[in-house]
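Protein sequence lines, in the order shown, are assigned to chains P, E, A and S. Note that the first sequence covers residues 206 to 593 in the working numbering. Note that the second sequence covers residues 206 to 593 in the working numbering. Note that the third sequence covers residues 206 to 593 in the working numbering. Note that the fourth sequence covers residues 206 to 593 in the working numbering.
There's no promise every hint is true.
Each pair may be met inside one copy or between any two copies, as identical chains are not told apart.
[As the list claims (entries may be wrong)] In silico DSS-like cross-links for lysine-lysine, where the CA-CA straight-line distance does not exceed 30 Å:
#1 580 - 311
#2 580 - 487
#3 523 - 307
#4 295 - 311
#5 307 - 295
#6 311 - 523
#7 295 - 580
Because the hints were derived from the structure by calculation, they are not lab data.
Protein chains: 4
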Amino acid sequence: MRMLRFLTAGESHGPELTAIVEGLPSRLPIRSALIDEQLRRRQQGHGRGGRMRIESDRVEITSGLRFGLTLGTPLTMRIRNRDWENWKTKMAVEGDPPPEAKPVTKPRPGHADLAGVLKYNHDDVRNVLERSSARNTATLVAVGSVARQLLAPFGIRIFSHVVEIGGVEAKKFPKTLEQIADAAELSTVRCADPEAAEKMVEAIDQARREGNTLGGVFEVVALGVPPGLGSYAHPDRRLDGRLAGALMSIQAIKGVEVGLGFTAARLPGSEVHDEIGYDPEKGYTRDTNHAGGIEGGVSNGQPVVVRAAMKPIPTLYKPLRSVDIHSKESFQASVERSDTCAVPAAAVVGEAMTAWVLALCFREKFSGDSLEEVKAQYRAYMEMVSRR
Amino acid sequence: MRMLRFLTAGESHGPELTAIVEGLPSRLPIRSALIDEQLRRRQQGHGRGGRMRIESDRVEITSGLRFGLTLGTPLTMRIRNRDWENWKTKMAVEGDPPPEAKPVTKPRPGHADLAGVLKYNHDDVRNVLERSSARNTATLVAVGSVARQLLAPFGIRIFSHVVEIGGVEAKKFPKTLEQIADAAELSTVRCADPEAAEKMVEAIDQARREGNTLGGVFEVVALGVPPGLGSYAHPDRRLDGRLAGALMSIQAIKGVEVGLGFTAARLPGSEVHDEIGYDPEKGYTRDTNHAGGIEGGVSNGQPVVVRAAMKPIPTLYKPLRSVDIHSKESFQASVERSDTCAVPAAAVVGEAMTAWVLALCFREKFSGDSLEEVKAQYRAYMEMVSRR
Amino acid sequence: MRMLRFLTAGESHGPELTAIVEGLPSRLPIRSALIDEQLRRRQQGHGRGGRMRIESDRVEITSGLRFGLTLGTPLTMRIRNRDWENWKTKMAVEGDPPPEAKPVTKPRPGHADLAGVLKYNHDDVRNVLERSSARNTATLVAVGSVARQLLAPFGIRIFSHVVEIGGVEAKKFPKTLEQIADAAELSTVRCADPEAAEKMVEAIDQARREGNTLGGVFEVVALGVPPGLGSYAHPDRRLDGRLAGALMSIQAIKGVEVGLGFTAARLPGSEVHDEIGYDPEKGYTRDTNHAGGIEGGVSNGQPVVVRAAMKPIPTLYKPLRSVDIHSKESFQASVERSDTCAVPAAAVVGEAMTAWVLALCFREKFSGDSLEEVKAQYRAYMEMVSRR
Amino acid sequence: MRMLRFLTAGESHGPELTAIVEGLPSRLPIRSALIDEQLRRRQQGHGRGGRMRIESDRVEITSGLRFGLTLGTPLTMRIRNRDWENWKTKMAVEGDPPPEAKPVTKPRPGHADLAGVLKYNHDDVRNVLERSSARNTATLVAVGSVARQLLAPFGIRIFSHVVEIGGVEAKKFPKTLEQIADAAELSTVRCADPEAAEKMVEAIDQARREGNTLGGVFEVVALGVPPGLGSYAHPDRRLDGRLAGALMSIQAIKGVEVGLGFTAARLPGSEVHDEIGYDPEKGYTRDTNHAGGIEGGVSNGQPVVVRAAMKPIPTLYKPLRSVDIHSKESFQASVERSDTCAVPAAAVVGEAMTAWVLALCFREKFSGDSLEEVKAQYRAYMEMVSRR
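Using the sequences and the accompanying hints, generate a full structural model.
Right, here's the structure in full:
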């Protein structure tokens, strides 16, 4: 059985979203305010449409926590959908459909709509989009925040920054990763290069005016990751594989990189690998981190660096051609309200999934049942490492 | 429990590699000659060093098959390491280490060597590299060949082609995917663009002369995938996430894309999504396949297209700086024998992992216990789909 | 990944219990009234104490269902703890402990109390008992009711009856299994032998007067199970092993049997095995069902019959000796309010876990994504079976 | 992912049986001689037929071990079927069936034969029985021996003794568990009560003369299990449920008990629960162990005690009625060679499965990657426990 696992649930316009996280050690401080803070970060960013203002997500924890400390039992988080009152009859859990609940019959290109209708034999595209919607990344962010709070006592910190939107690339970064983190947090497009940020905002505004949408690339960095998470012993234990799987599972993500990523494919070997040094005080050292902190599927003690490419949101003002699933007639899919760019929000979801995978691998190595026990295990290992 | 699962085992210079595949339906024809054919494909490609000639892998099936048909029971595959005779004492399973088995103490940058030593508390880097070695992808190819033979009766075919090596990009492709498959198969670098292939060969030869290594990018395509594999219902059920996780788990892979991948992040929404048409005979149609056959984490009936970026092999003739784990002294890591480029081989491994993930998702949808039952399930579903 | 999985959460005196069930097909009718009916059955039975009157459990479904049909997405069920108002401060999720929340320091023999304190490093036994409590079987019953509703369209029906309480054995049963089911449902001790039932009631009343508690044995029967669920192909796929694991996981269960169970160990082989007949209309037939419907880990088409032994509830009016975890002083553990016998309730939980395991194995064989697809798969298989 | 997992494979008359164990820490001593010793124990016991003499199982380890220490990588074990030479053509992996390979068409009551034929759509009962055969418990014993060797450095020792055969019960036991272990080891029926053992041997001889078979009950005891393995936090984490599931998955097992088991259902609460004492030197103490070392699904530091009921072997000299699957004609199933009683052997398999589950739960608590790390984790926890 997995050391740490979660299930999430919830429809986009249903009463609420729910997540259960199982496998936390006992006596770990978890603060709902910190989860709310992550939920808030997910709802921000230049380029979001109207719905973000309706939602102002707050988590309610209903199990697994007492007086702010975990009990070692499953943690339940609920996030109410603030709009539920308006959807009560159209999304009623039981009872007959009301006359106003007309089925959605127009699948949108680029969404799960058509594939979902075929797979699940639905007559109403709403039955697909309610769950495939990016709204549901709110639970992932909540789960990720719990993972962060598990990693925090061990000095592991995760941040993200946007490196590209609609073809505009960030180029000038602050010197340290900590500074990049701080700069990104202050930017409305989560970009640490102020000049590029400005151009990204312009590109988004321009796209909005044209009824178009933009994608981009974000980078997630984890600091303080100890060496030895993940394994090469079996393919499914590798840290890089699990990170890639988790990031690619976020809505609209179409590419994932670790370290140099695709750039590594273009360089000769002599420029790609991170030479190894040794310092009596710090242990093994590296001057570069092209590997993104992972060699052979195992964390090597350097910052873990991953990147993900998000496609533009497929819900466009500009019409795309599609086919009505009942009449089979062609139509022009267009919408009245949507986000123009959600890359800064997706970066926050990316942080959450990265935190989750790191927490999972962390728990596989430090499996103690109470925070005190996990700490003792961590110390014992770090002491062993320091002697190597 | 998983519908379909495998474990692989084996050290690079141990007696043999082993794989067990569990969850196959009964009465499925499996031919070891087809597995051998895939093993052979993995061992080819311009840019390989000497070892490939020592190995000439053949599979031996020792369970799960009788008279060429699966029994519904676990299938065991053994691949002997031809070089074992020379390693018998240095890699002895039991008994004391012989005097000649001096520990390897020099971790190579870019390999699992150092991270593995720290994680597993090894004194001998050999204890890491024997398993982290790409040699072990032979079992993945064998497992993938079984997956292919499971998918074949349903018209699902998987091929790969190399689209970039050392910065040289393939640009002119044959018209159809089938033609690309055929052209790649004839190329020593598995590249369907003959001009690019020639330049790739030159780049490899040049790199070899310089004691350097090259990476690249390959694309895997799956034809005949029915709509409805994978799911948006829970993040870990998504087809794209699982494909990315499996591909990133292959040695030396640092990036993965689905469909347009990173390019999608640079284009406006109006140019990214695949418009939907309808043809009374064929059902829903698409003129483009930017999504790579996956929308919302679910296959949509189009060819599934993924790409992976491989870094250059880190074992260089050109020295890289590293540190002896015993003496802590710096040294220049250099080797006498190695591959220069293994991208064409990695592409074959990529096919295998793609086949595995598709087979897994296929089994989750068509879970019958005998081939006849799986076929009846497949037919019933395709008939339902055709009526939508 | 599992075809069907669930997570449950919730503390006994926390705000609510939660369950998420993932892996249901779409378009399956689920009625919360049927879940409530099962929750009600769990709360009944002669021998229950006061708390059962406080609780009157009702489920609230908050995801996965629309207009009474599943969406193919995770189903969330919430069951509020009616007593929560009185526990709000002592079980507060966050904030400091109030002065009145004195830690429980007296572990009760026969409960998880002491083992839980040691494992999770708790200072307060309440942090253990809140989750280890049998209160949490309410979620299992809710999950089981969903499983029943998945199995019902395929004619699979599950019932239970109590065959022993405090040494009083049921002996005279109605002729058919259906009649046993009906008789048990009418009995306050869920016993189909009215004479034995009367003696069981007396034994319970006597035990209550003496401040003692009673255990017993219940039997769960599943009718309509098709042949071929479970497998001998790998140990963890066996139906009998999974049923035993699930039943033994219910609080206070100390023994599990399939079919003849321990009696089979005492009889010669000639009296144990169920001879096979054939009827052109019905197919293969059996005159006996000593195997309890499972041969070689696979259902054989006969009713599945399992039994479980429940120990007496360890919370006694009669004192048991224990040790305060803070002072290490010995004390006499006694309580003021408790159930005397919970075997009839446990039987309902046993039905739920049996339903769950059958649903799991059913989904592994009939994995379709919509109810229509599952039905087509079921029909195709049953038709194949009828031709054998 | 599971901390520790295995897959086994192999047909009874195929070339060999195989097992892969994944998730072992590195640097753990594993001796194949200790595995062979367990394989030998499985092949013994009064009441076995001729095949046991053909087989004389020896394991060959082909991966995961070097110079007698684990590498932290998957461990492969092969056990050759000595009879393979005689079955080469009838059980050929590939190629056409030879004329002499006539299908077995007569399913034996009490075996997986008929259920397996229906499930997997086989025409030849041999395709079922080859894998459902108890022969395959050899791999479980090998896997269990590895688990034992993982637990041994932590003072955990597992033994078994037969407490009942064919209705003959063991009654007088040596005083200590260690003495019971030793006495059982010396008995040809693995029974620690010499008088009962003699009667068991007589009962077996009598049954053999009558062409009948006998079942029985064995007990498995694990000494030195630390408190805190398993959990009440989620049903599937419970130690008792996992033990029951594993034991019930052994061929021919129909009942499982923990501690008092079914007897607990008959006693009043005041006689069932183990009172808790405290000794400044030893910590918490118990005078009794009715719980079998598990309370609330968690080990409590007492010996873990489980029992399993084995039905008589269904392969009888005495004929049982069955039906030919091709002709549908009734026949009398009888055999020429078989065991009369395999309870002593099953007890050894029971030890193996108990060892496996304990190792699994042990690894979930002490997940270190090297033996040194696991030891540090174990010490840190035991020290924490000693302070409670």
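How do residue 295 and residue 311 come out at 30 Å by Cα distance, when the copy is not named: within, between, both, or neither?
within (17 Å within a copy, 52 Å between copies)
When no copy is specified for residue 295 and residue 580, does a C-alpha distance of 30 Å or less occur within a copy, between copies, both, or neither?
between (50 Å within a copy, 28 Å between copies)
Which holds for residue 580 with residue 487 at a C-alpha limit of 30 Å: within a copy, between copies, both or neither?
Both: 21 Å inside a copy, 26 Å across copies.
How do residue 311 and residue 523 come out at 30 Å by Cα distance, when the copy is not named: within, between, both, or neither?
within (15 Å within a copy, 59 Å between copies)
At 30 Å max between alpha carbons, let me know whether residue 580 reaches residue 311 within a copy, between copies, both or neither.
between (54 Å within a copy, 27 Å between copies)
Given identical chains, is residue 307 near residue 295, meaning Cα to Cα at most 30 Å, within a copy, between copies, both, or neither?
This pair counts as within: shortest intra-copy Cα distance 8 Å, inter-copy 48 Å.
If the cutoff is 30 Å on CA atoms, where do residue 523 and residue 307 land: within, between, both or neither? Let me know, please.
within (24 Å within a copy, 63 Å between copies)
Hint violations for this structure: none, all hints satisfied.
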